[in-house]
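**Student:** Between the sequences and the hints, there should be enough to build the whole structure, so can you do that?
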Amino acid sequence: MAKVVHQDVSAATTNQVSTAEVSTTEEVAKTVDEAEVETYEQVAFSLQEKEEKKAHGELMLAIIDADEVLQVRVAKLYEDKTLSKDDRVQRFANLINARSQEVELAVC
145 MAKVVHQDVS AATTNQVSTA EVSTTEEVAK TVDEAEVETY EQVAFSLQEK EEKKAHGELM
205 LAIIDADEVL QVRVAKLYED KTLSKDDRVQ RFANLINARS QEVELAVC
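Oh and the sequence shown: position 103 is 247 in the working numbering, straight run, nothing missing.
What the hints contain is simulated information worked out from the structure, not anything from laboratory work. Keep in mind that a hint or two might mislead.
Said to hold, decoys possible - Listed next, the in silico DSBU-like pairs over lysine-lysine satisfying Cα-Cα at most 30 Å (straight line):
hint, residue 1, residue 2
1, 198, 229
2, 198, 220
3, 229, 194
4, 225, 197
Unchecked claim - Simulated restraints on C-beta separations:
hint, residue 1, residue 2, range
5, 238, 170, 47 to 57 Å
6, 183, 244, 39 to 49 Å
7, 230, 195, 16 to 26 Å
8, 197, 225, 21 to 31 Å
9, 168, 197, 35 to 45 Å
10, 171, 227, 18 to 28 Å
11, 205, 168, 52 to 62 Å
These numbers come from a predicted model, not from an experiment. Idealized CB from N, CA, C, for every residue including glycine.
**Tutor:** Rendered as structure tokens:
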């Protein structure tokens, strides 16, 4: 009788361990899959962000190229070596906005 009980306990323990191993393997696989999805989403978002920045930069350049007054003002910005790249981009945007307002007022 003791031997039968021992075998039953041994079999039950083996089943529990096997079930635990399967659960752990499935959980690990699920975690890896989720991490890969997050990574793909992050890469896709990063690429989209870069494309949007590039398109915005191209638009700013097109606006500057189309306006001689802006070209002169932008040239002066490039002469200022104390500006960081971010400061220069912000000033470009400010120049474009200010010039747009000037043109609107001139048209009215």
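**Student:** Evaluate each hint against the coordinates.
**Tutor:** Hints, one by one, checked against the model:
no. : hint                    : verdict
1   : 198 <-> 229             : holds (15 Å)
2   : 198 <-> 220             : holds (23 Å)
3   : 229 <-> 194             : holds (16 Å)
4   : 225 <-> 197             : holds (23 Å)
5   : 238 <-> 170: 47 to 57 Å : holds (56 Å)
6   : 183 <-> 244: 39 to 49 Å : holds (41 Å)
7   : 230 <-> 195: 16 to 26 Å : holds (20 Å)
8   : 197 <-> 225: 21 to 31 Å : holds (24 Å)
9   : 168 <-> 197: 35 to 45 Å : holds (43 Å)
10  : 171 <-> 227: 18 to 28 Å : violated (52 Å)
11  : 205 <-> 168: 52 to 62 Å : holds (55 Å)
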